[in-house]
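Asker: In the order they appear, the protein sequences are chains A and B.
Going by this note's numbering, the residue at position 74 of the first sequence is 74; the numbering climbs one at a time, nothing skipped.
Going by this note's numbering, the residue at position 134 of the second sequence is 134; the numbering climbs one at a time, nothing skipped.
No lab work stands behind these hints: they were computed from the structure.
Any given hint could be a false lead.
As a list, the in silico EDC-like pairs of lysine to aspartate or glutamate whose alpha-carbon atoms are at most 20 angstroms apart [claimed, not checked]:
| id | chain 1 | residue 1 | chain 2 | residue 2 |
| --- | --- | --- | --- | --- |
| 1 | A | Lys112 | B | Glu92 |
| 2 | A | Lys266 | B | Glu92 |
| 3 | A | Lys82 | B | Glu69 |
| 4 | A | Lys215 | B | Glu110 |
| 5 | B | Lys316 | A | Asp48 |
| 6 | B | Lys205 | B | Glu192 |
| 7 | A | Lys132 | A | Asp117 |
| 8 | A | Lys215 | B | Glu92 |
| 9 | A | Lys82 | B | Glu110 |
| 10 | B | Lys351 | B | Glu207 |
| 11 | A | Lys112 | B | Glu333 |
| 12 | A | Lys266 | B | Asp97 |
| 13 | B | Lys3 | B | Glu69 |
Ranges between beta-carbon positions, derived for each pair [claimed, not checked]:
| id | chain 1 | residue 1 | chain 2 | residue 2 | range |
| --- | --- | --- | --- | --- | --- |
| 14 | B | Ser112 | A | Arg267 | 29 to 35 angstroms |
| 15 | A | Thr129 | B | Asn229 | 35 to 41 angstroms |
| 16 | A | Glu279 | B | Met346 | 35 to 41 angstroms |
| 17 | A | Gln278 | B | Arg288 | 30 to 36 angstroms |
| 18 | A | Ala41 | B | Arg312 | 19 to 25 angstroms |
| 19 | B | Gly335 | A | Glu279 | 25 to 31 angstroms |
| 20 | B | Lys351 | A | Glu279 | 21 to 27 angstroms |
| 21 | B | Gly99 | A | Gly186 | 38 to 44 angstroms |
These figures come from a predicted structure and were not determined experimentally.
Backbone N, C-alpha and C fix where the C-beta goes; we use that ideal spot for every residue, glycine too.
Now for the letters of each chain:
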Amino acid sequence: MTIGLPRALAYHRYGVLWETFFKALGGRVVVSPESDPILIAKGESLADSECCLPVKAYLGHLDRLVGNCDYILAPRFERIGKNDEFCVRFWGLSDLARGTFPGVRILSYNLKSHRPDSEVSGFMKMGKTLGKSQIAVLAAYKKAKQAQLTADTRAGVNQRLLLDSPAIKVLVAAPPYILRDPAMGGTLLRLLAREGVTPIFPEACGRAGCRRASKATSQSLYWVMNKEAIGAIELLRPRVDGVILVSAFPCGTDSLVNELVLRREKRLPVIQIILDGQEGEAGLQTRVECFADILKERRRGYA
Amino acid sequence: MLKTVISYPHMGNYAAVFERLFAQLFPRAEVRSPPPITQRTLELGGRHSPDFVCAPFKYNVGNYIEALEAGANLLFQTGTGCRYGHYGELQEQILRDLGYDFRFACLSRENSRPSAALRTLHAAGCQLPAHKIAAALYLALLSIRGLDEMEFWMRENIGFAQSSDRIMAIHRAFLHKVRQADSAAQMMRAIESGRCAMQAIKLDKPEHPLRVGVVGELYTLMEPFSNFNLERQLASDGISVSRAMGIWFLLFGRSDARSLQEGGGYLRYPVGANGVDSVAQSLSYARRGYDGILHLKSFGCIPELNAGPALRALSKREGIPILQMSFDTHSGEVGAATRLEAFVDMIRMRKGA
Ligand code: SF4
Ligand code: SF4
Chain A
1 MTIGLPRALA
11 YHRYGVLWET
21 FFKALGGRVV
31 VSPESDPILI
41 AKGESLADSE
51 CCLPVKAYLG
61 HLDRLVGNCD
71 YILAPRFERI
81 GKNDEFCVRF
91 WGLSDLARGT
101 FPGVRILSYN
111 LKSHRPDSEV
121 SGFMKMGKTL
131 GKSQIAVLAA
141 YKKAKQAQLT
151 ADTRAGVNQR
161 LLLDSPAIKV
171 LVAAPPYILR
181 DPAMGGTLLR
191 LLAREGVTPI
201 FPEACGRAGC
211 RRASKATSQS
221 LYWVMNKEAI
231 GAIELLRPRV
241 DGVILVSAFP
251 CGTDSLVNEL
261 VLRREKRLPV
271 IQIILDGQEG
281 EAGLQTRVEC
291 FADILKERRR
301 GYA
Chain B
1 MLKTVISYPH
11 MGNYAAVFER
21 LFAQLFPRAE
31 VRSPPPITQR
41 TLELGGRHSP
51 DFVCAPFKYN
61 VGNYIEALEA
71 GANLLFQTGT
81 GCRYGHYGEL
91 QEQILRDLGY
101 DFRFACLSRE
111 NSRPSAALRT
121 LHAAGCQLPA
131 HKIAAALYLA
141 LLSIRGLDEM
151 EFWMRENIGF
161 AQSSDRIMAI
171 HRAFLHKVRQ
181 ADSAAQMMRA
191 IESGRCAMQA
201 IKLDKPEHPL
211 RVGVVGELYT
221 LMEPFSNFNL
231 ERQLASDGIS
241 VSRAMGIWFL
251 LFGRSDARSL
261 QEGGGYLRYP
271 VGANGVDSVA
281 QSLSYARRGY
291 DGILHLKSFG
301 CIPELNAGPA
311 LRALSKREGI
321 PILQMSFDTH
331 SGEVGAATRL
341 EAFVDMIRMR
351 KGA
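When you get a sec, could you build the whole thing from the sequences and use the hints?
Answerer: Spelled out as structure tokens, the structure:
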């Protein structure tokens, strides 16, 4: 039994959970390869042209899995709390996968509340579909949950270590599925490194902490991933030199949230970079260099 | 003290309802609907909004700016799910950054629940006791139902009336009465007389006219300016137009569970806002033998994009053409009209064949 995991969107949040779970149940797991321009182009050809880049990439990843596994995992994510919702895109992912690849066997669960049983019952059902006993499934879930927690903690610690570096540091406020995708955030991170700037990811502050801190910027915000991306601004203000908001064209939630940040953040320098998959490296490079120069100037000014 | 002047964004013809409602809730304030939407409204809204926010946001901003220019100083907004729930906070910030001085009452999400809404109304200066507020709301709901019913009938029939002017006159008279009505009884009489007047209109309707169902995202459907009056264009081609979406439907007619059930399995889960309704309504039109479906939405509207693959599958399997059109504040009217014409030609030929 082979389960395919698309290396996109929620994979960058729940990937360890999924891999550990299916492996513990004796399955073979294949993860689609890292994004590349060909994969993205394939996704674009499958998607409605108005879809955001990460969703196009998601379809490209699903496409790579078709034919290489018995099941493809495509859950639906609605919320993890009353005021912690996923972008409505995530509400439609399972149906999007099913509708775009009719005939493919899809495994799915529906994450729709903050109660832990929402996730557990989803995993129990998936285990049943795969013909596993309840006890085995529950044990696998527990193991997987623990593994994800460990991985998240480690990622947070690694980011926090970077904060001690004397280099210029920039908080890159974006969801992990952009930052950790070489075809999206990859170029930006490379350019930052070339300028000697250390990028800090929001996970340095832990998700729950970021969600709480996001209130400082937006009272009525209810999107989990946005809260986690921008909440870190408040928490890291004394420790970073600037903020780069990274968004993918045309992101629905960022269209509102990043605009609020740009209008409300008065103390740290902020720029927004919008990735559409078409941007040439040259244009991006100019902006990154320019921003890095500003930050270096500011440091000198304070010294 | 400065006189309170209340305003709110436009949506279709509902401004008449809001006007009445706010006048009753705030007897000492002046209620002023924003000037009618024009090209300038869109330009203002587009200029001061983020680029790829969905179009209703930009229309709202344009309305607010023109309302403030006209002297409004208390603006209302609501908003439930999807991006709409977060509109208010940014809109207020944008208007403040433009330097306007106003109060902003946002009845979105949690704040739309009765107790919170009551608190917001009180804070805004509404001193009525709860039962009077309830009576005003009841009157508003009655008028919404009456208006939705009348406009539903108009869409289906105006293409076949000997005199569409007469229909428009009745409609105007009805809106006027909505603005004046003081009691539920008066409202009922207005609805009844509107209904009678419409029924007396002579129709020249063929036995099997072309019929088109309209589905999609709520704002684009309900605000004719935002979809270049597509429904009117259809009617002038002699087509009977059906559209279930209206505020009454949103408030009382819809449920995700029912729409999923009636959606023929094309969607398994709710996909946000009205995505599931678009699918369920399309299926219903297909089964009732409609000739085509118009799927309208603002550019980048996520719930409707989520419903996209389901609608395409439905179109193929049920054999009904679906034309999808997206609108932004700068989409071209000519292009839209041409696409619609081609679509109408196509469904007409299919029917003839
Ligand atoms: S948050 Fe933005 S980028 Fe992410 S799925 Fe939603 S619309 Fe796309
Ligand atoms: S339903 Fe569409 S138009 Fe309305 S808020 Fe959501 S994305 Fe915007």
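Asker: Now look at each hint and say whether the structure bears it out.
Answerer: We went through each hint and held it up to the structure:
1. A/Lys112 with B/Glu92: violated, 30 angstroms
2. A/Lys266 with B/Glu92: Holds, at roughly 18 angstroms.
3. A/Lys82 with B/Glu69: violated, 38 angstroms
4. A/Lys215 with B/Glu110: holds, 16 angstroms
5. B/Lys316 with A/Asp48: With a Cα-Cα distance of about 17 angstroms, the restraint between B/Lys316 and A/Asp48 holds, given a limit of 20 angstroms.
6. B/Lys205 with B/Glu192: Given pair B/Lys205, B/Glu192 is violated - Cα atoms ~24 angstroms apart, limit 20 angstroms.
7. A/Lys132 with A/Asp117: With a Cα-Cα distance of about 19 angstroms, the restraint between A/Lys132 and A/Asp117 holds, given a limit of 20 angstroms.
8. A/Lys215 with B/Glu92: holds, 16 angstroms
9. A/Lys82 with B/Glu110: This hinted pair holds, its Cα atoms lying about 10 angstroms apart.
10. B/Lys351 with B/Glu207: Holds, at roughly 13 angstroms.
11. A/Lys112 with B/Glu333: Violated, because 40 angstroms separates the two Cα atoms, which is more than 20 angstroms.
12. A/Lys266 with B/Asp97: holds, 13 angstroms
13. B/Lys3 with B/Glu69: holds, 15 angstroms
14. B/Ser112 with A/Arg267: 29 to 35 angstroms: holds, 34 angstroms
15. A/Thr129 with B/Asn229: 35 to 41 angstroms: Violated: the Cβ-Cβ distance is about 50 angstroms, outside 35 to 41 angstroms.
16. A/Glu279 with B/Met346: 35 to 41 angstroms: At 38 angstroms between Cβs, range holds.
17. A/Gln278 with B/Arg288: 30 to 36 angstroms: Violated: the Cβ-Cβ distance is about 43 angstroms, outside 30 to 36 angstroms.
18. A/Ala41 with B/Arg312: 19 to 25 angstroms: With Cβ atoms ~21 angstroms apart, the hint holds.
19. B/Gly335 with A/Glu279: 25 to 31 angstroms: holds, 27 angstroms
20. B/Lys351 with A/Glu279: 21 to 27 angstroms: Since the Cβ atoms of B/Lys351 and A/Glu279 sit about 47 angstroms apart, the hinted range of 21 to 27 angstroms is violated.
21. B/Gly99 with A/Gly186: 38 to 44 angstroms: holds, 41 angstroms
Violated hints, in rising order: 1, 3, 6, 11, 15, 17, 20; the structure is consistent with all others.
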